[in-house]
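Chemist: One letter stands for each residue in the lines below.
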Amino acid sequence: MKYYVEIAGRERLVEIQTGKEGLQVLVDGTPHPVDIAEVRGAGLYSLLVDGHSHAYAARFDNGDAVLSFHDREVQLRIEDERTRLAHEATGGPRGGSGPAQVKSVMPGVVKELRVAEGDAVREGQPLLNREAMKMENEIRATHEGVVERIHVEPGAAVDKGALLVTMGAAEAPAPATA
Amino acid sequence: MKYYVEIAGRERLVEIQTGKEGLQVLVDGTPHPVDIAEVRGAGLYSLLVDGHSHAYAARFDNGDAVLSFHDREVQLRIEDERTRLAHEATGGPRGGSGPAQVKSVMPGVVKELRVAEGDAVREGQPLLNREAMKMENEIRATHEGVVERIHVEPGAAVDKGALLVTMGAAEAPAPATA
Amino acid sequence: MTVAPRPIRKILVANRGEIALRVIRAAHDMGIRTVAVYSDADRTALHVRGAYEAYRLGPPEPAASYLSIEKILDACKASGADAVHPGYGFLAENAAFVEAVEAAGLVFIGPPAAAMHAMGDKISARATVSAGGVPVVPGATLEDASNPALVVETAKGVGFPLLVKAAFGGGGKGMRLVNGPGEVVEAVQRASSEAVTAFGDGTVYLERFIEKPRHIEIQILADEHGNAVAVGERECSVQRRHQKVVEESPSPIVDADLRARMEEAAVQAARACGYTSAGTVEFLVGADREFHFLEMNTRIQVEHPITELCYGVDLVREQIRIAEGLPISFGETHPPLRGHAIEARICAEDADRGFLPSTGTLGAVQLPGGPGVRCDGHVFAGQEITLYYDNLLLKVIVYAEDRPSAIHRLKRALYETRLPGLTTNIPFVLRVLDDERFLSGDYDTSLAEDLPAPPLDENDVVPVVAAALALHRRVPKAVVPAARPTVALSPWVQADRGWMSR
Amino acid sequence: MTVAPRPIRKILVANRGEIALRVIRAAHDMGIRTVAVYSDADRTALHVRGAYEAYRLGPPEPAASYLSIEKILDACKASGADAVHPGYGFLAENAAFVEAVEAAGLVFIGPPAAAMHAMGDKISARATVSAGGVPVVPGATLEDASNPALVVETAKGVGFPLLVKAAFGGGGKGMRLVNGPGEVVEAVQRASSEAVTAFGDGTVYLERFIEKPRHIEIQILADEHGNAVAVGERECSVQRRHQKVVEESPSPIVDADLRARMEEAAVQAARACGYTSAGTVEFLVGADREFHFLEMNTRIQVEHPITELCYGVDLVREQIRIAEGLPISFGETHPPLRGHAIEARICAEDADRGFLPSTGTLGAVQLPGGPGVRCDGHVFAGQEITLYYDNLLLKVIVYAEDRPSAIHRLKRALYETRLPGLTTNIPFVLRVLDDERFLSGDYDTSLAEDLPAPPLDENDVVPVVAAALALHRRVPKAVVPAARPTVALSPWVQADRGWMSR
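The listed protein sequences correspond, in order, to chains A, B, C and D.
Here the working numbering is used: position 22 in the first sequence is 22, and no number is missing along the way.
Here the working numbering is used: position 5 in the second sequence is 5, and no number is missing along the way.
Here the working numbering is used: position 448 in the third sequence is 448, and no number is missing along the way.
Here the working numbering is used: position 309 in the fourth sequence is 309, and no number is missing along the way.
Hints were generated in silico from the structure; no laboratory data involved.
Please note that the accuracy of each hint is not assured.
[To be verified] Beyond 10 Å from chain D on every Cβ pair, some chain A residues (computed):
hint	residue
1	G63
2	R72
3	K111
4	R140
[Stated by the list, open to error] Lysine to any residue pairs mimicking SDA-like chemistry, simulated, CA-CA at most 20 Å apart:
hint	chain 1	residue 1	chain 2	residue 2
5	A	K111	A	L163
6	B	K160	D	T386
7	A	K160	C	T361
8	D	K411	B	F69
9	A	K160	C	R353
Here the structure is a predicted model, which means the values were calculated and not measured.
For each residue, glycine too, the CB sits at the ideal point set by N, CA and C.
With the hints as extra help, turn the sequences into a complete structure.
Modeler: Right, here's the structure in full:
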């Protein structure tokens, strides 16, 4: 099985081989001997690569792998060959720029709307302010686009995962109909 | 369901009641309100009895409950009503004084036999010496009786649970045939 | 002074988290019994399991549990406790709580209600300490906030830039920065109406804005025998959004002379309000190394352990002794300063997403140990970290013979720390510890504002990819981790469910 | 003296367990890189996860892993380490290992092979230190063990009661107590033949038996610059079956004068054998408070942290510095003794069943923390405790201003410690700490011999019954905990098994 993962700015092709020398991870064709052991029932792992010891915690968060090394946390998504082919056939997640849903990553209260429906926004522009715990945070646009719909009002309590804003594609030539 | 447990030198009859006031444990008929919570996946528990906080670890060891409070470990066996009745019917564990099997509680090597088959032994008398780790230990008779059979020889490596000695009942009138 | 001794035999700790454990530890170290209180979210918390007794307060919401004076006094009665320690936060600086505890005939382990009152209102605090000769940040009270001419005139007297602050505020709320006379009237209006909403009182005051200051605080202790002593300073300038992250003692910029002057001012501030127990006097220190009184915290601080390590004292034990009517164990002469201590506050938050609090269930917690490492935390495997309470998980505190060794040791200790299941600020703290400004000691409150994660190095690609792949192949894609109930089921309930499903 | 400096950049730690972690921590605190080695039983051990690099030695059996000089030197080569720290146990006192390490061009962090040789053979050690003027336990070497008349005559010269000891023995093996001249010939014969079997050398010697002695040892440090310094004593008289359980510093019976005399003798012993690095000189102290040299341990000791806490030094760091050719950081004047420290060795064993080692898988480990507590352990949730290695899990070390406070604090720290899944000696240690003799300070090596568990009190019946019932109802009787594989499966293997079973 082949896997695809985007890391350090590039997409890598990853494969696994098990031989009598042990396990090898191939990154873009280059083999690296690795030894991974899980600490029983603890969410912790020990990884040895060329003698170097990496201790880390690993978990899933909404389908992403979250890897906590001692000095950094890396969040990424792995796609296997099958899924990749399926997505390419359906025009799924990869490459698509359809409507994006901005969701609340935690429960809180909406404090202030910073945009209105129909506004064109640039990447990083604040959409609304939400308070969680004693802190107020800005929810920002993850890419350029147009605010298609705002689903909440100031003062509304929102759960984790609640839909806040639906974004449409940026002003652009009308999409060609298939 | 009624339960029987021998503790602090006496056998107690124990029952459980769940009411709107919470949970009650009845010991020999006297009710005590208790609140037990398990720490998720940790083998640890918090028990509140009349406001007193008891934190303990609990596990099973060969059917016995092993309860590790902060300053003592208590090992005991609970028998429920059904099992008690079954044992009484078959003359099982309780009250019987049939042949007893002396087993090794840990892996080790038999160093020396201290008794021979046919010997009458008193409670606590050493039966054999076994070495585990760097330590030699005496395996002693748990009650008075006659050494019926010795299953190991000096120098033999034994696994945990290995049968070492079978003890017969002490010199006594021949059992009446049923 | 003759003080009737009040021996304490059983302390109820009206708090949760690491500070509840800290107080329980001090009490047990002294052979005093302890009583914990808990909300339903904390049924299996370490303070409940660690105390001799434990009483339920109510549901998780603080107002219905840790902030309920009535329920806490009920637990005092049920347990027969003879004293209450408030920790920090919750009711720790609530004078009405002090009065209620004392009215119930119990000892409050903290300052007198009057001192708390005097220092709780920032305008009154400035006036009180000024009268005692302590330098305050230049500023002025607004006699009439609705008179624009008077506001502008008062502001000019203070000088620009200045801050508009709420008298009863805290945590940066209702605070406004004003650069010149043209902005001040509107700023005062807005700050005042925000303060009404947030704190129920619209009183505001003006304070000179000290640019890129250092936050340095002095620990004081005072008893009923007339002893008042300062126990050195803590450098608290590493802050993100007005929250301290890394504290150290001694401060890299405080020499013996400055320390002596700040300690004297702090003792004067304590004497000015008739203080007893442990307290902290916070100062702002400008680039000119002049110090100005900022506020007094009338409680034990989160960062108190660094003082304990450098001076060989136990501040919570001293609080308990003082509450018993005993003198400070070392009178007015504390052991000499020795070595260097640093504390890192490990919080459940994502520094790379605006310090958003993170939630989840902790896996197998691994705490650091070995020489020179002290851990004050409340985390345990299986613990549910929720949004109900403060997101401080653990304080990793190190002690070494000098500052460079302490920094090395803290990095080592954080390297050992594992809190699987949550995103924490450990990577962020390590970035602080590696920052040139921090290493040189020449830093101010702007240090932690801009410390982005360095990009992933090409050398890290193989371990990261291997780790991700191992996780991916272990957990089939279809298996989404099931949502877990917030409160652990009692084994009874689980067993009974078992019966039913047969 | 001119010594060429040998800066160390990467240390390979030829050990496992808590001491491997201790050395790794010291190295990281100094900014030195580390290399771990491991047997298959330790693949996920903390020392493997805590070091920067890790290399496999072989299967769990010590002879095939931690005792294999060849494999350890291979790992040195593979990692490019420039120094080796042996910890204690395994190869720590093996002079051939020192020679092999040095022959490979690496620095051995410990004493010279010659000093190890001189102190490894107990007869030679007695001779060496006697020549240096150090009092030894009255005794004599047996010139001809097969000559009964000579044996009896020599024994009479030593005096009764006496011990027959193997010259190359340890841990009480091959040792025999003789009460009078009638028993001595047979005892020497048996001891000698046991020593041949156990240590490959039948040489024995006679030593006066000191009844109910105290075991008190002196920590020494010596460098290549001619500095040799003693850093106080450790009281190690709480022993069960010749294994130390609780150690404290200072000793309750050592005053400044006795300390000075013992320290001087220890420094003489170190100088007599040309010692460098950290070492310990063990003495027996009789009821008459006279002290006698027992042996010298040419390595870091398990109980070294109590010295570190009382004197504010880092002994492992000093070992590394000395190995680098640097002088002791404080020369011959160590910081003054301050406060009191106690260490408890927490072991996987059942004190109520003859201290049988216990095995099992650890659940959620809970380590103690807060003020004055240091934890040196190697335990983690999910760890399999096997019979392959020493059963020491954890050292709980406390520090306080005086002995009574330290005892309180240790009890508190043990109250917090949880090691679910195993039977440990914590209840036993608490019995020691509550014993009248220990509390008074007037105890000897017989203290821990007879401390049975007190019978269960009627007040304990309800909590115990409730706890047992909760467990009973939670786990249906039919479900026997499944046997677990000894080595955790790699997630790869698990995933692949998953594929196969589809």
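Chemist: State for each hint whether it applies.
Modeler: Hint-by-hint comparison with the structure:
1. Under the 10 Å C-beta cut-off, the non-interface status given to G63/A relative to chain D holds; the minimum distance is some 17 Å.
2. Every CB of chain D is more than 10 Å from the CB of R72/A (nearest about 16 Å), matching its label as outside the interface.
3. Separation of K111/A from chain D is adequate, the least Cβ-Cβ distance of about 38 Å exceeding the 10 Å criterion.
4. Under the 10 Å C-beta cut-off, the non-interface status given to R140/A relative to chain D holds; the minimum distance is some 36 Å.
5. Restraint check: the Cα-Cα separation between K111/A and L163/A comes to about 15 Å, which is no more than 20 Å; the hinted pair holds.
6. Straight-line distance between C-alpha atoms of K160/B and T386/D comes to about 12 Å, which keeps the hinted pair within the 20 Å bound.
7. Distance check on the hinted pair: K160/A and T361/C sit about 16 Å apart at the alpha-carbon level, within 20 Å; holds.
8. For the proposed pair K411/D and F69/B, the alpha carbon gap of about 14 Å is at most 20 Å, so the pair holds.
9. For the hint linking K160/A to R353/C, the alpha-carbon distance of about 16 Å falls within 20 Å, and the restraint holds.
Hint compliance for this structure: no hint is broken.
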